[in-house]
Every structure is written in structure tokens, then in C-alpha cells.
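Residue numbers (the working numbering), protein chains in the order written: chain A, 1 to 505; chain B, 1 to 505; chain C, 1 to 167; chain D, 1 to 167.
Among the hints, erroneous ones may be present.
What the hints assert, rightly or not - If you want the footprint, here are the derived chain A segments under chain C, 3+ residues with CB under 8 Å:
1) 112-126
2) 353-365
3) 412-421
4) 462-472
To be verified - Listed below are several chain B residues computed to face chain C (Cβ distance under 7 Å; list not exhaustive):
5) 36
6) 45
7) 65
8) 66
9) 71
10) 72
These are calculated hints, taken from the structure and not from any lab test. What you are looking at is a predicted structure, and each value in this text was computed from that prediction instead of being measured. Here a beta-carbon is modelled for each residue, glycine too, at the ideal position from N, C-alpha and C.
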Amino acid sequence: MKLLVANRGEIAVRIIRGCREMGIETVAVYSEVDRQSPHVLMADQAFPIGPAAASASYLNIDRLLAAAAAGGADLVHPGYGFLAENAEFAERVEAAGMTWVGPPPAAIRLMGSKTESRKLAINTGVPLVPGMVEPLADLAQLEAFVDQHGLPVLLKAVAGGGGKGMREVHDRSELAAAFERARSEGGAYFGDDRVYVERLVVRARHIEVQVAADRHGNAVYLGERECSIQRRHQKVVEECPSPVVDADLRQRLGEAALAIVRGSGYQSVGTVEFLVDRSGEFYFLEMNTRLQVEHPVTEEVYGVDLVREMINLSLGRELSWRQEDLLPRGHAIECRIYAEDPLRNFAPSPGLIALLVRPGGPGVRVDSGVFQGSVVPLDYDPMVAKLVVHASDRPAAVARLRRALQEYQVRGIATTLTLFRALVEMDEFVEADFHTGFLDELLASERLAEVHGRQDPEAEEAAVVAAVCLATLQAGTVVGDPFGDGDGSHWWQEGVRTQHGRYPR
Amino acid sequence: MKLLVANRGEIAVRIIRGCREMGIETVAVYSEVDRQSPHVLMADQAFPIGPAAASASYLNIDRLLAAAAAGGADLVHPGYGFLAENAEFAERVEAAGMTWVGPPPAAIRLMGSKTESRKLAINTGVPLVPGMVEPLADLAQLEAFVDQHGLPVLLKAVAGGGGKGMREVHDRSELAAAFERARSEGGAYFGDDRVYVERLVVRARHIEVQVAADRHGNAVYLGERECSIQRRHQKVVEECPSPVVDADLRQRLGEAALAIVRGSGYQSVGTVEFLVDRSGEFYFLEMNTRLQVEHPVTEEVYGVDLVREMINLSLGRELSWRQEDLLPRGHAIECRIYAEDPLRNFAPSPGLIALLVRPGGPGVRVDSGVFQGSVVPLDYDPMVAKLVVHASDRPAAVARLRRALQEYQVRGIATTLTLFRALVEMDEFVEADFHTGFLDELLASERLAEVHGRQDPEAEEAAVVAAVCLATLQAGTVVGDPFGDGDGSHWWQEGVRTQHGRYPR
Amino acid sequence: MKWVVRQGDATREVVVERVPDGFEVVMGSERRRVDLIRLDGAMASLRYVDGGQSFSVSYQRGTGREWRLAVGERDFELEVLTPVEAIEASAAAAAVGPSRLDAPIPGKVVEVHVSVGDVVQAGQPLVVLEAMKMENELTAKQAGKVIAVHVEPGQIIDAGGLLVELE
Amino acid sequence: MKWVVRQGDATREVVVERVPDGFEVVMGSERRRVDLIRLDGAMASLRYVDGGQSFSVSYQRGTGREWRLAVGERDFELEVLTPVEAIEASAAAAAVGPSRLDAPIPGKVVEVHVSVGDVVQAGQPLVVLEAMKMENELTAKQAGKVIAVHVEPGQIIDAGGLLVELE
């Protein structure tokens, strides 16, 4: 059996690892700038699919299908992002006689529409944030909604996702401008300028339920994930279980998620997202009809392999688990490592990874799409790896995260490791006292900067001592000479030039 | 609080990681050849304790205590090997006012004697392999034992360990020579030429029970480990749980182990070793009064942190677990990665690690004492790292091990990774059909060599293609020039010279 | 050797001598014996001989005298200058010339908000650069008049590339 | 370029040409377009352009023309020689001279079993070397008479160091 991975980066590596363990061969695809990526090296075969721009490569269905045909693939796994929730791609994979590793295209289409999925929730009795099911016809309709439900409200592009096309409105005077901006973002990013409105639940938590369903009528939920630590509506840290979900709430969330699964004819692994307010009431947000970035925290706590299960389900096999087998153990936390500089307002930081030392030892897992010597291209999402820790309870997991962050070393690019090192020192994080606005508020305040700035004077002195000793050793060498004094500290500049012809930074 | 780690390599790193997670500062010690070792870098403080020879450094109690005093340590953790089971060291640590992270010295002394520990087993009703409790006075006594119990028999040095000082006798004509050799090895390695005899249990499994006991009368067992895959009586692969132990046998083994714990006044984590014959009968072998090399497989399957627990117990705290909390989940396998060349009869392979790519992703843990750029000295045990995989059941764990072995790349030194890659292809390993003599028999036969030799022709062709392309790229460069063509492939030779002044290999 | 180390606005002088088996480093009134070993091109082990304090250092030298180091998990950015370089750097900083807006990251120019002749305020958006699916608004560091615009929308620019000059 | 590749007793000739974007490799009747990228000093990505087969290669060149490579998880040891070197190597192998026992590993000489003048059989133990807590018995590759013993017990020897010469 052979599987085409229609993706790149860490998720392509994750899928190839799963396939290797199942004895399934793999076919990778790559754009021009990904020629030397780990997913290309790890796959059995690899085919180029075009230039760097995603629209010409990873989003190009014709080229992906041509690579699948060239490699002789029997299955196609889309990963997340790119075409993972594109029903047309799923249909064309199936029309080409291959197996789609994901839910039926009809379920993708249904849950991909904000308005249709809200209707399904209403029909299946799952609570929703008060809001309009149909897109807004005009500003007057929006004003009428506000009259009835009050402020604040949230405007969302019908086709939106990943934080794009969302606008909060806290003041009536902002309504018209926000409506226009949400429409224009929806049009620009998703080619669909329809917008709907819902009540904004303040200081809520984003909690999602992992589900899995087979073609034989069986469906289970695998507990929840807490994803409230977000920057601009993008998840940054995820945990399992949620510190605010007890066994009773877990069961009620799980049953609500399964109602959505059954109502949509869903078959595969998937995620049903909810907002949970401070009184413990929950509201359906949307369903992600694919493998989720943060699936590892569930794998660690439930002792399962979601990639293996997803492939098995796509082959028509029965679910491996009954609901009563699925017992959580311990606590897991994932940090998304982005090539961004938290000290420079999260500016993108592509480039060559000159040094990469990963943490190891007990309870530490790294899912990575790069290695030392990799060039992080400027063309895609900046996530380069995920650090996942698992321990017997949340305090032990936080301590392990802190230890793993100490060991993790990356030079050449800036990463969000810097942010996480400050975050694990914040009381709110240690005490799990946060909501979806927590990180943005923290970043807007001086508090995080203060933690960043609170340098350990001993470490600072050691940095100065190390720098002058290193400079003394290098004194007399030509700056910029790629061979330098033979210690290799300049080779990366040459590497960047030869590999990309573009950016020394 | 501050802890001195009286060890090196991966176990020193493991202990430092545990301390970091507990907020305990660490003091490392290092011999001349370990100046740049990971345990030195990771510790808060580090002190040199002498030349390479272990007798002058890691076995030198005076120097270890001087380093503890210089660093201001409150606790001392001995790791395994070196002085870990030396009661005098434990006593001197306590006499210096520090806390010994291990069992009471009296328990170390008691269980360190093969004959005394056998007496304890008899007194507590734990079954023993038929054998003599007292050392053999002479050859006549040995012959009398053979007359009574038959052949084969096993001669063991009273102070032996790690496979040293053991001799199997299968033929009566070999008795005298084997007795003399066992005595002389005991004298040479352990300074004690006393030898005792027991019946050799053929085709048995080595199965050991992890235990933990506090000072408040509580003791638990954490299931068993299967350690039958050994080379010359040295463990090579360990698993948890054992494929031949069911819940009933687990409980009986556990209770026998706890009888030994209670009888010896044991307090700390420890391991009670048994032989299990093909009918499921078990026999007490010995107790290891320290943290065991293979402790990670138990940690993975039981979801515990044995290093943290061991430190907590030494501080007088109560056990974290009740027996009924300790439920196994899934299956874990550990491979000990030695710097030895399986293709050259396991010749030691010290030297510089020019490339190190560790496996990652789900269910893979690496406990390592080296990094890329490390020099593996020729002075110590050749174990450089442990690869541990964990999955939902044994077949999934074997598949994951195979996948992790594919990812693991080491260049510069030869390692037993080569052996493990052949081993995971053997039916006996896949079906868990082995005993303590399995690997030695396999190595003596042509079968493993055949698997080694059964090269994938596609991979072989790719190796030739890669080699000629690389040679073409390097053509014209001076061989032996450390800066070569700037790709760094020769720098390690220079590195070895500057760091050790000794061996380019 | 004598070095001038700059970190942000702070400057200090440090004297380093190579001694057998390491270095002697004098900073202010403190004199330290230091054991430093480079493990490869980007990592080093640092140990103070007297107290035994041990640090894992990862480092990267920039194109000039800038160093980015991590000690344990903490990041530091330093400039390590010879005394002569330090004087030149101070002089250069004091000189007044046109103010340049350079691209801090490689990316694609999405928007250019100004034209030659415009008068801008400090903080006013000048150019929007896109990289890694993120738009990055670049603003004027100080008030001034635009004397040159070197890019146009759609153009790909390297890090350090000149975008706009202000008088 | 033309190369002679030796692997154990097997020898094959391979012709490599650099072409835009890679190599063309001719082995026997097979002609292949190859995409090879070095990722750092010890790893490379190898891909056959036509079938798309992709291989992760880690490699290390010895002090001479020997290469140790891993393709995926499989290890290979090869010699890559120019045609001239191949002829020289064959001639050297054919020449008969004294047989040397070199230390295959660095270590400490623990025992020396022979003296000058002894006649030994193939497989007979000559020297015991200790390294990493293991004793390694080194045996005669062929029968012969001992003409020189270069080490004595207690001595530390480098890898490749000459131990014993046989006639």
C-alpha cells in the first residue's frame, strides 16, 4: 500500500512516521524551496510540484494528483491546512480511484460552512452562542441584532478560519467600519465576502473535543483539549485535559460532540470546538474535519495513535476503541514553535537553522519539520515544530515543560521558545487561570516584556564572558569568510547563499 | 537544595533532568576526558575529580566528597555502576552530613552479598535456584553438588556482577578448569575470589520486578521488566511488561519481591531479579539496590517518574502511589546503544560523534549522554544512549522501534544500532520467543550475519550512487585537510586531535 | 586583549588573557579564571574555575561584531568591539545623515504608503511587507521628508534591503 | 568522471557527469538522473529524478578513499577510487610482504602472547587489547613466523598502531 502526503513540514513528517509503523510506503511532494526538507528525505518517493507559492504547489490539485499518479499512490492524506478541508480535493482524489484519508466530502462541505454547521447544531440540540445563522444582508440587520442581544459581538466571515476574517465590536460606533472590514477580509482571503454575527463570549475558554467515527456506526470522543492560549485567534499552547473540565462536563461535551458527528454523517477523526464561559456553559463553535495540529496532547494522555487510527478508518476498518476503554492518564502540554521573534513583535524569522539541540529524556516529544541545517522558507506558515510534554499531573507537566525549554536550543532563526520561557514563569499560566484573550492582553501589557527583560544577572555576566572569550579565539579572522577560523560559525551564511541565493540575515 | 551527581553519561543527565524538574540545583563531577560532556554542561556547577581512569576519579570517594563540599551539596545520587552499590560510600556521604539518595547502607551491604541475599530469600520463603548459599571451599564440594543436582551448573563470584565472574559448566570434565577461572576472575575484577555454585536454569527468562519503599512502612511493586535479551550476561534489550507474565504471575512475582524488600529493611527504589523457567516457575537471583539502567520502560508503562520518587523517598517523604493506583498501559521496549561494532565482533568504538540525528515523534524517548560533537572516551562503559519506545501493545511497539531505528543516525563511531536493526527483523524477537541465551546463540550462528548481509539492493545501489556523487563534489580537495572542501566532512579528525591528542580512527 | 561590549545602551570594558588551560577575564573589579571549550561551531561549555559554575552556551556571530548567545535558556544580543571599533561606532552614531528604512526581514512588498516629497511623522506606516503568511507594517523611526522610495508593491526584497529614505 | 567503487570483493565502474540541477550516473547499462543535495557535512538527500525514489544518506569519509554511508537505516562501506588509484591498489594487494597486525581500535595492551621467532597459525591469539571495560583478543590473519613485536603489556596504543609483524 502507498500513501501520498499532500503537505509539508512537521505534519508531513508525522504522517510518514505513522505510515512507516503501519508498513505503508509514502510519496512526498515538495515545492522548489522544500527540496531538502525532512519530509522529502523520509518518504520513499518524492516529486516536485512547482514553485514556492502555495497556490502553485501545495494548493494545486492537478499537480498533487499528477504526483500521486506518478508515485502510484493508493491513498492521499491531506494533513492540516492547505487542502485538508477542501471537499473538491477529496472528491477528485476519490474520482481518481484513490482513498481519501479523511471524512466524506459531504461532511467536509457541511461543516465547512459556518452557517450550515450552526443549523446542524440547532437541529441536534447542541447549544450555540446566540447569533445569526444566515449571513448578514446589510448593516441594518446587524444593528437589529445588537439591539436585541447587546454588545460585544463578533463578526465572522462565512468561509473564515485561523483567525482571519474575524472582528470584535465592543462599541456601537464601530459597527459600520467593522462590518466593512470583515467583509473585505473575507473577500480578500477566502473569496467570499459574506459575514455573520454572534454574541462575543468574554473571558471564555476555547475547549475542543477529539472525536473518531467509523463507517460501521461506531463513534467515540477522546476527551477535550484546552486551547485558550492564543495570539490573534491563533492557538499557541494546548493542553489535555483542560484544567476546568471535570468528568461530568467532559461527558456532556463529549456527547454534544458526538451529536454533531452523527448529525453530519462524519467518519474519520475530527475535532468539535466549543467556547466554555466562566459559569461552565458551553457553546458549539465549529468542527474541524481533519487531523488537528494539537492532536499529540490527546495521544499522550489517552495512549492512542490518531494518525494510525485515521488511516485505518479510511480503509473501512472498525474503531479500535470502545468509549469505556478511553481513560485519560496524566497531563500533556504542547507549545507551537514558530519562526517568529517575540522580542520584535513576532516578526517572521525565516532562514537557516545553524544550531538545533532538541530536548530529550522522560515525557518529552518533539514533532518537527526541520533539522539542523534546514532553511525555513519565507513562503509558508511559520510553525517549524511542536514541543509536547507529558507528566503525571499538571504541575509536573509545567515543570517538565520548563526543563525541556531550558534544553531546547535554536540558533540562526528567532523562535517563540523565547515567549514560552517567559510564559512558564507567569502565575496565570502556572495556575491555569486564562481565557482566549489572555495572551493578547499579556502581550499588550508591559508584564511579559518585564519577564523577558528580567535577565538573570549571572547568566548575563556569563554571556559577556563567553562572548569575549569567543571573540578572542576568533580575533584576526576575516569577518564573513565562510570558513572563518575553522570552527564553522560562519558556514551558515554560505549555506544560505548557495541554497537560496537570497537572504543572509 | 542541591544534589551532587556522582556519575557520568546518560544516567547523570537523567538525574539532572529530574532535579531540574524538582527545582533542585545540581553539582556535576568529571574526569579529564569528560570536560565537555553533557552532564557537565547541564549541571549548575561542575568540578574536576581527576584523570580518566575510573579508579582515580568516579570511584574515588575522597574526591567525590571534596567536590560535594566545594559545591555545597545537600544530597548525593550515585546513579548506577561506579559506587552506586558501595555501602562505604553511602556511609561516608551520610557521615559528611548529606543525604544519600538510595537505600540504607545496611541494605546495600546485605543485598550486595550473593550468599547473604540467598539466605534472606530462604528465610522469607522466596524460591531460589537450587544452589549453595556458602562459597565453595574446594573442588570436592563442587563435585558433590554436581553429584546431587546434576549438570549444567553456574559458577558465580560472590562479589560478581554485570556478567563478570560467571562460568557455565555443561560437562563434568570442565569443572576443575571453570572453578579456577571463576575464582581468578572474581579475584581480578572484584578483589574477592570466593565462588559459589547453583543449578543452571536453561532457556530461562530474566525477569525483574521494580519496587519502591518509603520509611513509613509502605512498599509497592511496579510490575516487571523482561530482560532476557543479553550478550554475555549483559542486558541489551529490555521490555515492560514481559510477554510471558500474566496478571497472576505478576502479582506473585511482586509479592515475592516485596518479601525481599521487607526482609532487608529496604527503603528507596530498587529491583529484584528473578529467573523464570519455561513452566512459569520463578527463582530469586539478586536485588539491585539502586536505580536500574532500564528504569525508563517501567516509567513509560506505569506513567511514573522513578528518579523524582527516589529523591522524594530519600528526603523521608511518603510513597506517591498505592499498589492499586499502579496500572500498566501499553508496551515499552528499550535498546541500549553501545559504542561497539556489531560487524566486528562488538569491538569497542570510541571516538568523535561526527553526526547524530535522533529519532522523534510519538512514543519515542532517547536518554543520551552524548551529543553531536561529543568524544566517546575509551575509558568507560561503552553505553552512550538508550532508545525507548512506547506504544499501545507489543506489535505496535516493535513497529515503532523499527521506525525509530530507521531515523536514528550516528556517524563517526560504530554502534549497536546495527544489531537492533537486524534484531527487529528476526521472527523470535517479533514473536517474543527468547530466553537469556537467545542472543548469544544467535550471534554464534550465521543467522544474524545473514540478516546483516541481506542488504536491500536498492539501498546498496543508492549508496554507490551517493558515494560517487559526493566523491565527484569533493574531487580535487586534499585528503586529510580538516577544512576539506568546506563541507566539514573531515573536521572531526582535527577535532579528535585537538581534544584528545590521541585517536583519529 | 581589551574588548568593549555593548548590550542595548550599556557598555562595558572587558580584558581577556589566554592562560594555560583557559582564559583570565577581568570585568570591573572582578578577575575570573574561565574554562571555555567550543563543542562545535555553535555551542560551547563555559565554567568558572573557582566556583565551579557551569554554563551551556550556544552562540552565533552575525555578519559584523554582533553576537547572539543563549546561556542556558536565556537569550542575549551583544556587540563585541575592539576599542578602536567602539570609538568609530560612537562617531558614526553621532553623525547626522538621511534616515533609512531597511527591510528587517526578507519578504514581499505588499503596500507602499508614501511617495517622494511626503512629510511623515515618527511611527507613521511606510511599507507593508509580507512573509510567512503574515503582514508586517514598517513605520518611520523619526519624522522627516521622503526623499527616495526604492520599492514597489509585488517586489521581493532581501533582509537589509533599502526601502525608503527620509531626510 | 569515472570511478571504481569497491565494496568487499566486488568492484564496479561508475561514470558521473555533473548536469544542470544534479548528476547523471551511469552504472552498467543503467543511466540515471540524480538530484543530490548536501544538507551539512554528514547528511545528504538523494533522489532519482525519474522514479522519484528518495533516500536519506548520512556519510563519512575516512582518511583515504573509504566512505561509510547509511542509506535509510542500512550501513555500507565503500572505497571510491579513480581508475589510476584502483590499479595501484590492485598492484599493492598483489605484492607480498610481511604481514602486519595493527590495532583495530585504540586501547591498552593487556597481554602479548608471542615473542620474536615464534611460529603461529592463522587464528592464533597474538595480543589482547583492552578498551571500554572489554578485552579484545587479536589473532593472526595467516600462519607465519613472528619477526617483530612492537608493544608490551601496559602500553596505550592508537588505532592503526603496529603491534606485531609476521614473515
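Answer holds if the nearest beta-carbon of chain C is closer than 7 Å to that of residue 65 of chain B; otherwise answer violated.
violated, 15 Å
At least three residues with a C-beta closer than 8 Å to a C-beta of chain C: is that true for the segment 353-365 of chain A?
holds (count 3)
Can you verify the interface hint for residue 71 of chain B: is its Cβ closer than 7 Å to any Cβ in chain C?
Holds, about 6 Å.
Given that the segment 412-421 of chain A was listed as covered by chain C, double-check it with a C-beta distance under 8 Å for 3 or more residues.
The restraint on the segment 412-421 of chain A holds, since 4 of its residues have a Cβ under 8 Å from chain C and three suffice.
Interface hint status, residue 45 of chain B versus chain C (Cβ within 7 Å)
holds, 4 Å
Checking C-beta pairs, does the segment 462-472 of chain A have three or more residues closer than 8 Å to chain C?
The restraint on the segment 462-472 of chain A holds, since 11 of its residues have a Cβ under 8 Å from chain C and three suffice.
Per-residue hint verdict: residue 66 of chain B, partner chain C, C-beta under 7 Å:
At about 11 Å, which exceeds the 7 Å cut-off, the nearest Cβ of chain C leaves the hint on residue 66 of chain B violated.
Double-check residue 36 of chain B for me: the hint is only fine if its C-beta lies closer than 7 Å to a C-beta in chain C.
holds, 5 Å
Verify the coverage statement for the segment 112-126 of chain A against chain C, using a C-beta to C-beta distance below 8 Å and requiring 3 or more qualifying residues.
violated (count 0)
Hey, does the residue 72 of chain B contact hint survive, CB to chain C under 7 Å?
violated, 10 Å
When held up to the earlier numbered hints, the structure conflicts with 1, 7, 8 and 10 and fits the remainder.
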